[in-house]
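Undergrad: Going down the list, the protein sequences come from chains A, B and C.
Residue numbers for the first sequence follow the working numbering, so the first one is 1 and each next one is one higher.
Residue numbers for the second sequence follow the working numbering, so the first one is 271 and each next one is one higher.
Residue numbers for the third sequence follow the working numbering, so the first one is 564 and each next one is one higher.
Worth flagging that the hints you see were computed from the coordinates, not collected in a lab.
What you are looking at is a predicted structure, and each value in this text was computed from that prediction instead of being measured.
Any given hint could be a false lead.
Said to hold, decoys possible - Result set (EDC-like, lysine to aspartate or glutamate): computed pairs, CA atoms no more than 20 Å apart in a straight line:
hint, chain 1, residue 1, chain 2, residue 2
1, B, LYS488, B, ASP378
2, C, LYS588, A, GLU187
3, A, LYS157, A, GLU118
4, C, LYS765, A, GLU189
5, A, LYS157, A, GLU115
6, B, LYS488, C, GLU585
7, B, LYS488, C, ASP824
8, B, LYS523, C, ASP724
9, C, LYS765, C, GLU585
10, B, LYS357, C, ASP695
11, B, LYS357, A, ASP98
12, B, LYS392, B, ASP378
13, B, LYS488, C, ASP833
14, B, LYS523, C, GLU711
15, A, LYS157, A, ASP141
16, C, LYS588, A, GLU189
17, C, LYS765, A, GLU115
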Amino acid sequence: MSEARSDSVLATRNLVRRFGGIVATNDVTFSLPSGARHALIGPNGAGKTTFVNLLSGVLSPTSGQVFLGGQDVSAWPVYRRARAGLSRTFQINQLFADFTPLETIGLALSEAHAEGAEFWRRAGTSRAVVDEAVAILEQLDLGDVMERRVGSLPYGKQRLLEIAIAVAPRPKVLLLDEPAAGVPEGEREQILEIIEALPKEMALVLIEHDMDLVFRFAKTISVLVQGALFVEGPASEVARDPRVRQVYLGESEVEHHLGAPQGAGKGGAA
Amino acid sequence: MLTVLFDGIAYGMLLFVLAVGLSVTLGLMNFINLAHGAFAMAGGYIAVVLMQRFDLSLFWGLPIAFVVTAAAGAFLERTLYVHLYDKPHLEQVMFTIGLVFMSVAGVDYFMGASPQIVNVPKSLEGNLDLGGFALNKYRLFVIVFCALLTIALQLGLSKTRFGSRLRAAVDDARVARGLGINVTTIFALTFAFGSGLAGLGGALGSAIFSLDPQFPLKFMIYFLVVIAVGGTTTITGPFFASILLGVADVAGKYYTPTIGGHQIQIGGFVIYTIMVLVLIFRPQGLFGRAPGK
Amino acid sequence: MIDTAVHASHGGESRAMAYFRERAKWRWPEVALWVAAFALAFVLPRHALLFNEIVIWALFALSLDIVLGYAGIVSLGHGAFFGLGAYVAGLLAKAGAGAGLLSDPTFGLLASAIVCGIVGYITSFLVLRGADLTRLMVTLGVALIFGELANRMAWLTGGADGLQGVMPGKILGVVEFNFMHPEYAYLYSLSVLFVLFIVARKVIHSPFGVSLRAIKGNALRAGAIGINVNRRLNGAYTMGAAYAGVAGALLAQTTAFVSLDVLDFHRSADVMLIVIFGGVGTLYGAIVGAAAFKVLYDLLAAATPQYWPFWLGLILVLLVLFVRGGIMGLLTSVYARLTGKGDAA
Chain A
1 MSEARSDSVL
11 ATRNLVRRFG
21 GIVATNDVTF
31 SLPSGARHAL
41 IGPNGAGKTT
51 FVNLLSGVLS
61 PTSGQVFLGG
71 QDVSAWPVYR
81 RARAGLSRTF
91 QINQLFADFT
101 PLETIGLALS
111 EAHAEGAEFW
121 RRAGTSRAVV
131 DEAVAILEQL
141 DLGDVMERRV
151 GSLPYGKQRL
161 LEIAIAVAPR
171 PKVLLLDEPA
181 AGVPEGEREQ
191 ILEIIEALPK
201 EMALVLIEHD
211 MDLVFRFAKT
221 ISVLVQGALF
231 VEGPASEVAR
241 DPRVRQVYLG
251 ESEVEHHLGA
261 PQGAGKGGAA
Chain B
271 MLTVLFDGIA
281 YGMLLFVLAV
291 GLSVTLGLMN
301 FINLAHGAFA
311 MAGGYIAVVL
321 MQRFDLSLFW
331 GLPIAFVVTA
341 AAGAFLERTL
351 YVHLYDKPHL
361 EQVMFTIGLV
371 FMSVAGVDYF
381 MGASPQIVNV
391 PKSLEGNLDL
401 GGFALNKYRL
411 FVIVFCALLT
421 IALQLGLSKT
431 RFGSRLRAAV
441 DDARVARGLG
451 INVTTIFALT
461 FAFGSGLAGL
471 GGALGSAIFS
481 LDPQFPLKFM
491 IYFLVVIAVG
501 GTTTITGPFF
511 ASILLGVADV
521 AGKYYTPTIG
531 GHQIQIGGFV
541 IYTIMVLVLI
551 FRPQGLFGRA
561 PGK
Chain C
564 MIDTAVHASH
574 GGESRAMAYF
584 RERAKWRWPE
594 VALWVAAFAL
604 AFVLPRHALL
614 FNEIVIWALF
624 ALSLDIVLGY
634 AGIVSLGHGA
644 FFGLGAYVAG
654 LLAKAGAGAG
664 LLSDPTFGLL
674 ASAIVCGIVG
684 YITSFLVLRG
694 ADLTRLMVTL
704 GVALIFGELA
714 NRMAWLTGGA
724 DGLQGVMPGK
734 ILGVVEFNFM
744 HPEYAYLYSL
754 SVLFVLFIVA
764 RKVIHSPFGV
774 SLRAIKGNAL
784 RAGAIGINVN
794 RRLNGAYTMG
804 AAYAGVAGAL
814 LAQTTAFVSL
824 DVLDFHRSAD
834 VMLIVIFGGV
844 GTLYGAIVGA
854 AAFKVLYDLL
864 AAATPQYWPF
874 WLGLILVLLV
884 LFVRGGIMGL
894 LTSVYARLTG
904 KGDAA
C-alpha cells in the first residue's frame, strides 16, 4: 500500500515540506487506489493539514513528488489539479458569501464543463448545467435554500454546501478536511450519511479527529505523527496497534476507540 | 560625485526615519495608512511655528515635534483607526487619503500655501572641512542623528522585551496573541511611536526639503516606494531601501546624461522605474519575506 | 447518489433557469435612466458640456469598476490608460488633420481601445504579482512613469502646453462635431457609453463574469474549483484598460485637446472616489457616482475654491465610516423594500 501503484489515483513519493527550520511533512510516501475509503489521523500538530495542502497544491513541496492518476503534478497549481479531478473541502468553510448555493454549484459545474471562461452567453442558460446543479443541491438537502445568500445560511447548511461544491464536478479524488467540524450534534448524522453515499469509484481521504467518523467510514487508515507516516494499514489493524494508542496517550476521546482486541466499529471499547 | 553621495545619504536617512513607522505599522497590522505623511508634515510645521513664533531653536523643536505627533497618532489610532483594521484595504486607502486631503487643506488654511523658509540653527550653518571635502554641517548632523536613531531602533527591536514581542506580533499576530502578547497595546504604542518618528523626521527635514501643505501627497509616494522595495518585516530592509532611494533621487537631479544629442532629465523617473522593476522581479520587495508557498 | 437521472422536482429546474434569467433582466429604473440620459440632449442642451463631462467620467469609472469592483484589483493608477487613450486619439486626429480614416472618431476609439488593451494586458502580469500593497504601488508607479514619459516626450505630446491641432473628423464620415451644438458631442459620448455599458453588462452576467465575482469573494475557493484565477484577472484588467482608453479618447475628441493633466494622479484618485461613492461592483454606481461627483464638485468648488480638498477628504472619510455600498447600495435597499423582495442575493 505504501508503494506508488499503477492504479493509484493519488500518490506521493518522499514528500517533504519545510518551514524555516521546522519539518512539517517528513518523507511521506503514500498511495491511494481508486474507490478508497481512507482516513488520515494523527495528534494535533502532526501535519495533516499541511499534507492535504501539499496534495491539493496550496503548498508546493520542498522536495519529493505528488502524483495524480500516475502523472507528476508536484509543480501544478491548485486550479490545474482541480481540473484533473482532485477536489477538497476545507476545514473552515471556503464559500462565496455573496453568492447563492445555486450560483455556487452552477459555477462549479460550468467550470467542470470547461464553460467557465465564456464571456458572452449569460450564465444560467445551459440547461444541462442548471439541471445538474439543482439535482445536486436537492440531494444534499440544500433545495430549500438554493436561492438564498450563502452568507445568511446557518452553519450546518454552509457545511453541506462546502461538500456539495467539492463533489459537484465528480472528482476522482476527494479530500475531506474535518467535514463534520463545528456541525451541531443533530446535523452530524446527515453529513455522515452523505459521505457514506458518495460514489464508489470516488477515492476519499478523510482527515479527522472524530474517531466515530473515522471508524464508521474508513477501510484503511494512515497515522501521521510529526509529519511522518507512523502507521498505515486496514482500519482494524491500525485500531489494534499499541503504538497508535501510545501516540494518542492522553487523548481520551481517541483512546476510547482504540485498543479493543475486537477492533474497530462503533462499539469499540465503549 | 561625493557631494551627491553625501546628500543622497542624508536624504535617504531622513526618508528612513520618516517611513519606518509606516513600514512597521503595515507589517504589524496589515493596515495601509496613507496619512502617515500628514504626521511628518505636522512635525515640520510644529518646528516652524516654534521657531518663528516662540523663537525656540530646532534642537527644542525636534523633541517637541516628536512628542506632539506621537500623542496625535495615539489619539487618532484609538478613536478612528481602530475601527478600520478589519475593513478591506481599499477602504483603508480611501479613508486615509481622505484624512490627508483634510489635513492638507487645513494646513493651507492656517499656515498658507507657500513653502516655509526654515533656517538651520546657527551652530550648524555652513560647511565642515574634512580632508579637502566641504561637508554641509546640517546634513552631517542629519546623518549622524538618524544613524544613531536607527541603531537605537535596531537595538530596541532586538534586545528589549517590547522589541521581541513586537517582532513576534509582526511575524504572526494570531500566534502572538495565543502566546499572551497583547497585540492591541503593542500596536497602539508602535503606531504612536512611528507617528512621532515621522513628526521628528518632518521637523528635521524641514530645512532640507521644502515644507508646504502639499508635502504629504508629494512624499507619500516616496514612503510607499521605500516600503514596497524594503519590505515590512524588518527595519534594515526599509533602511537600505531609503538610502538607495535617497541617493537615486539626488543623483537623478544632478545628472543629466546626454543621449543621442538630447539632454535627458532623469528626476523622479528613476525612482518609479526602479520601484516597478524591483516589484516585477521580487513582489515582496528587495528585503521582504517571500510569500509563503 | 449524485445521480442526475433522478429528477426530484421537475418544476425546480425550470424555476432555476428562470431565477438566472430574472437576475439579469433589465429593470424599469435602468430603462428610464437611459431614456432620460438621451432625452437630456434635447431637453437641456445648454448643459451639454457638463453632461458630456459626466459621461466621460462615467465611462472611466465604469472601467475602474470592472477592475476594482469585479476583479478586486486595487489600482491607484488607472488614469494611465485614460491618458494613454486620450493621447492616442488626439494624435490620430492630429495626423489625419480632420479628414479621412485617421481622423474618424470611431477609428480613434477603436485604436485607443486596442492600444490600451494591449498595454493593459502586459501590465496585468506585473500587477498580479504580489499582494495588495504591491499592486497599489505597481499601478501607481506605472501611472507615474507614463506621466513622466508624456512630459519628457514633449515633441510628441506637446508637453505642458498640450497637444495642439487635434481635429476630430466626421463620425463614420457622416456626422460632424459642431461646437455651436455641444449636444452632438454629448450624444456621441453617450452612445459610446451606452454600447460599452451593454457589453460590460453582458460580460458581467456571463460565466466569466460570475467567476470574477467568485475570485473577488474567495480566490482560494475559486482556484480549488478549477478557475485559473490569474488568467481571468488578466482578462478583466485588459478590458478595464481598454474601456479607460476609450474614455480618454472621448475626452480628446470632444474637447479637441489633450493636456498632461490626463495623466495626473488626481484623476486616478478622483475616479476611485467616484466608484466608491457610487457603489463598487454595481456598474451603475459608476454612472450615478460620476453624476453626483461632478455636481458636488462644481457646487463645492464654487463655494470654497481653495479648500475644496477638505470637503473631498471629509466625504471620503464619512463614506468609509458610514456608507456601505455607496449610492447604489442605498438605492437598491430602497428598491428592495419598495418591491418587497426579501433576502434574495
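Undergrad: Compare the structure with each hint and give your call.
TA: Quick rundown of the hints versus the structure:
no., hint, verdict
1, LYS488/B / ASP378/B, "holds, 15 Å"
2, LYS588/C / GLU187/A, "violated, 38 Å"
3, LYS157/A / GLU118/A, "violated, 30 Å"
4, LYS765/C / GLU189/A, "violated, 43 Å"
5, LYS157/A / GLU115/A, "violated, 27 Å"
6, LYS488/B / GLU585/C, "violated, 49 Å"
7, LYS488/B / ASP824/C, "holds, 16 Å"
8, LYS523/B / ASP724/C, "violated, 23 Å"
9, LYS765/C / GLU585/C, "holds, 14 Å"
10, LYS357/B / ASP695/C, "holds, 13 Å"
11, LYS357/B / ASP98/A, "holds, 17 Å"
12, LYS392/B / ASP378/B, "violated, 29 Å"
13, LYS488/B / ASP833/C, "holds, 17 Å"
14, LYS523/B / GLU711/C, "holds, 14 Å"
15, LYS157/A / ASP141/A, "holds, 8 Å"
16, LYS588/C / GLU189/A, "violated, 41 Å"
17, LYS765/C / GLU115/A, "holds, 15 Å"
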